[in-house]
Amino acid sequence: MRNLSPMNNPYRDDKVIDACSIFGVMDTSGRRFGGEDVIRAIANMHVRGNGLGGGFAIYGLYPEYADAYAFHIMYLSRKGQREVEAFLKDGFDLICAEEVPTRPTPGIVDTPLIWRYFLNVGQHKLGEKAEDDYVVDRVMEINCSLPDAYVFSSGKDMAVFKGVGYPEEIAAYFSLEQYEGYLWTAHGRFPTNTHGWWGGAHPFCILDWTVVHNGEISSYGINRCYLEQFGYNCTMQTDTEVVAYAVDLLIRKHNLPIEIVANILAPPFWSDIERCPLEKQKLLRTLRQVYGSLLLNGPFTIIIAHHGEMIGLTDRIRLRPLTVGVKGDRLYLSSEESAMRLICPDLDRTWIPVGGQPIVGSLGAPLQPQPATMGGETI
Amino acid sequence: MAKRAANSVVKIDAGGVLYRELNARLRDVASNGVQRIELQNVYGQRYIGTDLGKPVEIEVFGTPGNGLGAFMDGPRIIVHGNAQDGSGNTMNEGEIIVHGHAGDITGLSARGGKIFVRDDAGYRAGIHMKEYQDKKPVLVIGGTAQDFLGEYMAGGILILLGLNLNAGEYHTANFIGTGMHGGVIYLRGSVEGYQLGKEVDVATLEDKDYQILQKFVGEFASHFGYDAVGILKHKFVKLFPRWLRPYGRLYAY
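If you're matching them up, the sequences are chains A and B in order.
The number in this note's numbering is simply the position in the first sequence, starting from 1, with 54 added.
The number in this note's numbering is simply the position in the second sequence, starting from 1, with 49 added.
There is no bait here: all hints are sound.
Only part of the chain A face toward chain B is listed, based on derived beta-carbon distances under 8 Å: (1) 98; (2) 99; (3) 329; (4) 371; (5) 372; (6) 375; (7) 390; (8) 391; (9) 392; (10) 393; (11) 395; (12) 396; (13) 404; (14) 406; (15) 408; (16) 409.
Hints were generated in silico from the structure; no laboratory data involved.
Just so it is clear, the structure is predicted and the values come from calculations on it, not from any experiment.
Note that CB positions come from ideal geometry on N, CA and C, so glycine has one too.
Hey, can you work out the whole structure from these sequences and the hints?
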C-alpha cells in the first residue's frame with residue numbers, strides 16, 4: 055500500500071502537544087448574528103486541537119419554537135431512536151421532530167444519527183416538580199437507561215452541535231453558517247484523558263446551560279459523586295460534563311449568584327481567606343465547607359453560557375489561558391487574542407483576567423468597566 | 050506572498066498563512082541577507098523569529114501567536130500590538146519589544162537576550178529564566194504583572210515598573226519569586242510580605258543595582274518614549290533568592 059504519511063503528516067511529527075481552544079461571543083443587546091465569524095475565529099486556533107472534537111452552542115437559535123424544549127439527541131442505532139421517540143411521546147407533547155440537517159464534509163466520518171425534537175411538558179409532569187426538574191430527570195433517564203442514545207442539548211431556544219472533527223469541519227457538517235443567535239460558544243478539542251467520541255465533544259449541556267473547557271478537571275470523581283446525590287448522572291465519559299451539572303445545581307437550583315459560584319468552583323486559597331475581613335472569611339469558609347465537593351481541581355478555563363449570560367472563568371492560578379475583548383455591545387472570550395482580532399481588528403479593549411475571577415456578559419447590561427491600562431500619568 | 054524592496058526590506062502578508070509556512074518563508078528571506086522584514090496581518094502564527102540565527106529586524110503588525118521568538122538567536126522583533134503566551138521561550142540572543150501587553154509565561158526559560166513589554170504581563174512572567182557566564186536575559190515589564198512573577202527563576206534580570214499603578218497603589222501579584230534560586234527582580238513600587246514566595250528576600254538597592262536599572266530602564270524608555278529619569282526617581286526594591294538550592298534538602302536522605 056502507498057505510504058500516505060508524507061501527505062497526511064508532511065512534517066513527520068511523531069508527537070504533537072496541543073491544547074483545547076475555546077471561544078465565545080455574546081451580543082449583550084440581544085441582536086442575533088450568523089456563525090461565519092465564530093467559525094473563522096475557532097478555526098484560527100486550529101493548531102491547538104487535533105481533530106478529535108469540535109462543537110458549538112448557539113442561543114436565540116429557534117425563535118419559532120422559543121417556548122419549547124429543544125432536544126438534540128445523538129443515536130448510535132435505529133433501535134435507540136425508536137425507543138427514545140416512544141419515550142418522548144409518552145412523556146411530552148411532541149411539537150416537531152426532524153433530523154438535524156447535515157451535508158457530507160471531508161474529515162467527518164462515522165457519523166451518528168442526530169435528531170432534534172421540540173417538546174412541551176404540558177400535563178405530563180407529576181406533582182409540584184418544576185418543569186425544568188422534570189426535563190432534567192427525563193434527560194438523565196435517556197442517557198442512563200435507554201440504549202444507544204445521548205442527549206446533546208435540552209434547553210429552550212438554543213442547541214449544541216458537536217462531533218468528532220475540527221470545529222470548522224463540524225460547522226460545515228451542520229451548516230452552522232445558516233443559523234443565527236445572540237450568543238455563540240465554540241470549542242476545538244485536544245482530548246487528554248478520554249477518547250474522542252461524538253458525545254465527548256464540547257459543549258456539554260443540561261437545560262440551557264452549556265460549558266466549553268480547556269484543561270482537565272482532576273476532581274472529576276468527587277464532583278461526579280457529589281452531583282449524583284442530586285440526580286445528575288455522568289454518561290459522556292469526559293470530565294467537563296460535571297461543570298454543566300454543577301452550574302445547573304448552583305445557579306438554577308440553589309439560586310446562587312455567579313460571584314459566589316466562582317468562589318465555589320475556584321475558591322481562594324486558605325492563606326488568602328485568612329487575610330479577608332471577618333465577614334467575608336465566614337462566607338468563604340462556609341462555601342468551602344458546604345460545597346467543598348464542587349471545587350474544581352486541576353487546570354481549567356471554561357466558558358459557561360445560558361440564556362442571557364456568558365461567563366468566562368479560569369482556575370485560581372490560571373493554568374490555562376483566557377483573553378477578553380470588548381467591542382461596543384459585544385463581549386469576546388478566547389483562548390488566544392489573535393482569534394478575536396481576526397474577526398474584530400478594532401476591539402475597544404482587551405485584557406487578560408485574573409485567575410478565579412469571573413468575566414460576565416449579561417443581556418441588556420453594560421459590559422464591565424475597563425481595567426487599568428498603561429497610563430503613564432503617575433511617572 | 051513577498052515583495053522584495055530595493056533597500057532590503059521585505060514585506061510579507063501573513064494573512065491566512067500557516068505558521069510553519071510563514072516561518073519557512075522567514076528563514077528563506079533571512080538567509081538571503083535581508084535586514085528588515087515587515088509582517089502584515091499576523092493573526093496567531095506561532096514561533097515567529099525562531100531558527101533564523103541572524104540579527105534581522107522583524108516588525109509584526111497584528112497579534113503574533115504563542116512562542117513568539119522561541120529559541121531565538123539574534124533577531125529583534127517589534128510587535129505593534131499585544132503578544133500572546135510564551136514569548137521568548139528559551140531565547141538565547143536578540144530582542145523582543147512589545148508595544149502592548151504580553152500573555153502568560155513571558156520569557157520562560159530565557160537564557161539570553163532582552164524582552165521589553167510596554168504594558169502588563171500575564172501569569173508567571175520570567176519563569177525559570179537562567180544565566181551562564183556572559184549570557185544574562187533581561188525582562189522589563191512597564192505595567193504590572195500577575196501571579197508567580199519570576200517563579201523558579203535561576204538567573205537573569207527581571208524589572209517590573211508598575212507605571213500604570215496609581216500613587217500608593219500596590220502590585221497585586223502573589224507568589225512572586227516562588228522557588229527562585231538565582232537572578233534578581235527589581236520592583237518599582239510596593240508589595241506586601243505575603244505576596245512574596247518563601248524563597249525570596251527583600252533588599253535595598255546599591256549603586257551597582259542602580260547602574261543596571263539605568264541601563265535597562267533607559268532602553269525601555271527609549272523604545273516606548275518614556276522619561277527614564279522620571280521612572281527611576283521612584284523607590285525600587287530588590288528581590289533576591291535566599292538560597293541557591295531551595296529544595297536541596299527536600300529529596301535528600
